[in-house]
Amino acid sequence: MPNNKSLSPQKTSSDTPSGQVDSSISRRSFIKAGAAIGGVSMLDHPSVASALTKAGNTARAKKPNIIIIISDQLNIDAIAHYKDHYRDPAYGGHWLKTPHLDRLAQEGYSFIESHTPDPLCSPSRSCMFTGRMAIETGVVQLNIGIDKHIPNMGQWFEQHSDYRRVYCGKWHAGGHWNYPDVSGPRKIPGFETLPVGGSGMGIYADPQVSNSSASYIANDHGKTPYLLVASLMNPHDICYWATNLDGKRCTPEKDIYHLGEKLPILPPNFHYHFKEPYGEHRYTGFHSHTQWRNYTYDYYRMVEDIDEHVGRIMSAVRERNDDTVVIFTSDHGEGLGRHQRIEKWHPYQSSVKVPFIVWSPNRVKPGVLDTEHMITNVDIMPTVCNYAGIEPPPLYRGLNLRPIVDKLGEGVQTWRDNVYSNWQVTGRNIRTKRYKWAMRYQYSGNFKKPFVRKSDGEHTQFIPGHGEDFAEYPNQLLFDLENDPWELNNLADDPQYASVIKHHREILRDWEAKLIPGVNYDRN
Amino acid sequence: MAAIINDFAFLSEVSDFSLRGLKGLTTEYVPPPLGKFHPEGSWSQSYAMYVLIPHGARRVGEFTLVRKPKAAGGFTLDVHTRRLSVSGYSHFQRAEIHCKSDALASPVSWLFDTKLAKKPTDPPYLQSGRRRTGAVRDGALFIRDNIRTARTPLEGAYGNEWTMLEAVQRLPREKTPTMHYTLIDEYDTPQPEHTLEYRDQVTVPLKGGHVDLHSYCDIGRAVIPTTYWVDDHNRLLFVCTGLQVYALNIANGKTGICPPHYISSVGPNPIGRDGNAKQ
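Read top to bottom, the protein sequences are chains A and B.
Position in the first sequence (from 1) plus 73 gives the number in the working numbering.
Position in the second sequence (from 1) plus 8 gives the number in the working numbering.
To be clear, the hints were calculated from the coordinates, so they are not data collected in a lab.
Any given hint could be a false lead.
[Said to hold, decoys possible] Below are the DSSO-like pairs computed for lysine-lysine, each with C-alpha atoms no more than 27 Å apart in a straight line:
| hint | chain 1 | residue 1 | chain 2 | residue 2 |
| --- | --- | --- | --- | --- |
| 1 | B | Lys108 | B | Lys215 |
| 2 | B | Lys126 | A | Lys260 |
| 3 | B | Lys108 | B | Lys76 |
| 4 | A | Lys156 | A | Lys506 |
| 5 | B | Lys262 | B | Lys78 |
| 6 | B | Lys44 | B | Lys262 |
| 7 | A | Lys260 | B | Lys44 |
| 8 | A | Lys335 | B | Lys262 |
| 9 | A | Lys327 | B | Lys108 |
| 10 | A | Lys575 | A | Lys156 |
| 11 | A | Lys506 | A | Lys136 |
| 12 | A | Lys136 | A | Lys348 |
[To be verified] Pulled a few chain B residues facing chain A out of the computed Cβ check, cut under 7 Å:
| hint | residue |
| --- | --- |
| 13 | Phe25 |
| 14 | Ser95 |
| 15 | His106 |
| 16 | Asn260 |
Note that the Cβ used here is the ideal one computed from N, Cα and C, for glycine as well.
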C-alpha cells in the first residue's frame with residue numbers, strides 16, 4: 074500500500090478560489106503569495122520570521138558579493154563527494170574525480186532533493202533568473218525571449234539595489250543566442266557583460282568564462298557589492314556526441330582507446346519495461362553497450378573539466394577572502410543511458426535533478442548534505458534578493474533558502490511538500506516526498522509555439538489544465554522514489570495508487586490555477 | 009605499410025576515429041612549407057583552432073608557439089592564444105614557459121596572463137585582466153597572483169597542455185613504453201592520471217598530396233581522449249579532441265591554407281547563426 078502519510082495537502086495562505094492574482098494586492102501580500110505557492114507560507118512561521126529578521130539585519134548591515142556559478146547538463150550524482158549518498162556503483166561519483174566541487178560541498182550546504190523547473194536550457198534559465206515558472210516567462214521552448222513584463226535578476230537588482238551586476242558565459246534564457254553582447258539587442262538587460270563565448274561549445278568557451286570571472290573577482294575594488302554570474306557551458310558538449318556530428322563522430326562503437334574497466338557500467342534502468350507518455354522515446358542511435366559506455370566516459374571527463382573551472386573561480390574567491398556567497402547549480406541533468414536516454418528534457422530524475430550548493434564560510438553552515446528539503450531553482454531569486462537585502466519581485470514562485478542554510482538561520486518547521494516542473498512544453502511533473510507523477514497534456518487546437526495561437530486574428534493563451542482543448546495523453550508515470558530510485562516500476566496503472574495520483578493531480582491543478590501565462594516575448 | 013585514409017566512411021579504429029574531425033578539412037588544407045624544421049631548435053608555429061559543429065567545423069581562434077633553446081639547457085616556449093568571442097572581443101592568453109628538454113617538455117616556471125580585449129594591445133575589458141606566475145619545485149605546483157601563493161602537491165612526471173604540443177614533436181615515431189604523468193591544464197590546475205603513448209601511422213590525402221601521419225594519444229582526467237598527429241618530419245600538423253581540432257597554419261613565417269570553416273557532410277544548417285551552433 075502506498076504511504077498515505079504524505080498525502081495530506083497543507084493549506085497555503087495564498088490559495089484563492091479563482092486562482093487569479095489581484096493586481097491591487099499589497100506588496101507584502103505578493104511576497105507571501107509567492108512564498109507560499111507549493112507549500113506553506115514560510116513568513117507566517119514565527120521561527121522563520123525570526124530567522125529572517127536576524128539574517129535580514131545581517132544582510133542589510135553588510136551585503137555580500139553574490140556569485141552564481143552555473144554548469145549546463147550536470148547530473149547531481151556526478152559529484153564525487155556525493156558517492157556515499159549515491160552508493161549504487163552506476164552513479165557518476167564512482168567514475169570521476171571532482172576535487173574542487175567536493176571542496177565546495179564540504180565547505181558549503183548541499184541540497185540533494187534539488188530540481189530544475191524545466192529540464193531544458195532556455196526554460197530552466199528563464200526560471201532561474203526570474204523566479205517564475207516557464208509558463209509565466211513564456212520560455213517553454215528553446216530560443217524564446219522572456220516575457221517583457223517580468224524583470225530578470227539583473228534588472229531587479231538594478232532597480233532595487235546598489236549591486237553591480239555582471240554576466241559572464243552562457244545565457245540562452247532569451248532569444249536565439251547563447252552568449253550576450255556588451256551592448257545592443259543581445260545584451261542582457263540589467264547586466265554588464267564579460268564578453269566570452271562565440272562558438273556555443275563548452276570546450277572553447279568555458280576557459281574564457283573561468284579565467285575572466287576569476288580575473289573580475291581578483292581585481293575587484295568596487296565600493297558596492299557585485300552580483301556575478303559565471304555560466305559555464307559544459308558538460309553540455311555531450312549533446313553533440315551522438316546526434317549532431319554525423320551521428321558517430323564523437324562516440325566510438327568500440328573500446329578503441331583500450332579503456333577497459335575505466336568505461337562506466339550501464340545503469341540499472343538501462344533496460345525497463347513500461348509504456349511511456351506521448352513523445353517519450355528511447356535513443357536508438359547507439360549500436361553497442363560500449364558506445365553507451367564511451368558516451369558516459371566522455372561525459373564524466375567534461376564534468377572533470379567543469380570541476381577545474383569551478384576550482385579556478387573559487388580560488389579567486391578564496392584568495393580575496395571577502396564576504397561572498399556562492400551558489401552552484403545546473404540548468405538540468407543528462408540522460409546518460411538511464412532509460413536509454415541521451416541529453417535532457419525528459420521527465421526522469423536524470424533530467425530533472427540538479428546539484429545545488431550554497432557556500433559562504435562566514436554565513437552558511439558547512440558540510441551539510443540536506444536530503445530533507447525539496448528545492449527548485451526558482452528558489453535562487455528570493456534567496457539572492459534576501460542576501461542583497463531587497464524584496465523579491467512580485468509573484469516570485471520560490472522560497473528563500475536562508476533560514477535553512479545560514480548559520481544564523483533557525484531552520485524551518487515546515488517547508489514545501491511538493492515541487493512542480495514542466496517538460497517538453499506540455500509535460501508536467503509533480504514531485505512529492507515519496508512519489509513523482511508525470512503526465513502530458515494533449516492539445517487539440519492549432520498549436521503554435523510556444524503556446525500562443527491565432528484565433529480570429531487575436532492571440533489566445535495556452536492556459537495549461539484549462540479549457541476544452543486540453544486533455545491528457547494516456548500513459549502517465551508514477552514512481553515510488555523511496556523504493557524505486559531508478560524509476561523502474563511505473564505504478565500509474567495500479568489501482569491501489571489511484572488516490573496517490575488523485576492527490577498529485579490536485580496539486581497540479583492548484584499550481585496551474587495560480588500561474589499566469591506569459592504573453593509578450595522578446596525574440597531576437 | 010600504413011593504411012591509406014581516403015574514405016572516412018569505414019573508420020573505426022583509434023587513429024581513424026580521431027581523424028573524423030578532419031573530414032572536410034583535408035580536401036582544402038595545405039600545410040605550410042617545411043623549410044628548415046628542427047624540433048629541438050628555434051621555431052615558431054601558428055595553429056588554427058576549429059570547433060566541430062553539425063556537418064562541419066568553424067574556425068574560432070588561433071594560437072602561436074615560439075620555441076627558443078636556452079644555452080644552459082632546456083628551452084623557452086612562448087604561447088599566445090586568441091579565442092574569438094562576441095561583440096568584436098577576443099579572449100587573449102599569453103605565457104612564457106621555461107621548460108626542460110625531457111620527453112614531456114616539463115615546465116619549470118612560467119608567467120601567464122589573460123584578458124578580454126578587442127586587440128592584443130588593448131587594456132583588459134571590465135576587470136578581466138590578470139597576470140600570474142607558476143612554478144614546480146620540491147614536489148609541488150606554486151601559482152602566485154598579486155595576493156598570495158597557492159601550493160598544490162605535484163609528484164612524478166608532469167607536462168602542460170601547451171608544452172605537450174612541443175613535446176610530441178620530439179618523441180620517437182614508434183611504440184615506446186606508455187608515459188604516465190600529470191597534466192597541468194590552463195597553466196594552473198594539475199590533472200593527474202594521464203597517459204601518453206604512440207599509437208599508429210596512417211597516410212592521409214591532403215590537397216597538396218598524401219602525407220604520412222603518426223599519432224600519439226593522451227588519455228586522462230578532465231580531457232576527452234586527445235590525438236596528436238605529426239608528420240614524417242615530426243611536425244605537429246593536427247590535434248583532435250572531441251569537438252576541437254587544431255591545424256598547423258603558419259610555420260616559421262610561411263603560411264599554409266586553413267579555411268575559415270569546412271563542411272564534412274551535406275545537411276541542414278551546417279553553420280550556426282552568428283557562431284552559435286544549433287542547439
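Each hint tested on the structure:
no.: 1; hint: B:Lys108 to B:Lys215; verdict: 36 Å, violated
no.: 2; hint: B:Lys126 to A:Lys260; verdict: 17 Å, holds
no.: 3; hint: B:Lys108 to B:Lys76; verdict: 12 Å, holds
no.: 4; hint: A:Lys156 to A:Lys506; verdict: 21 Å, holds
no.: 5; hint: B:Lys262 to B:Lys78; verdict: 24 Å, holds
no.: 6; hint: B:Lys44 to B:Lys262; verdict: 11 Å, holds
no.: 7; hint: A:Lys260 to B:Lys44; verdict: 49 Å, violated
no.: 8; hint: A:Lys335 to B:Lys262; verdict: 43 Å, violated
no.: 9; hint: A:Lys327 to B:Lys108; verdict: 37 Å, violated
no.: 10; hint: A:Lys575 to A:Lys156; verdict: 35 Å, violated
no.: 11; hint: A:Lys506 to A:Lys136; verdict: 34 Å, violated
no.: 12; hint: A:Lys136 to A:Lys348; verdict: 51 Å, violated
no.: 13; hint: Phe25; verdict: 5 Å, holds
no.: 14; hint: Ser95; verdict: 4 Å, holds
no.: 15; hint: His106; verdict: 22 Å, violated
no.: 16; hint: Asn260; verdict: 27 Å, violated
The structure does not agree with the numbered hints 1, 7, 8, 9, 10, 11, 12, 15 and 16 stated previously, though it agrees with the rest.
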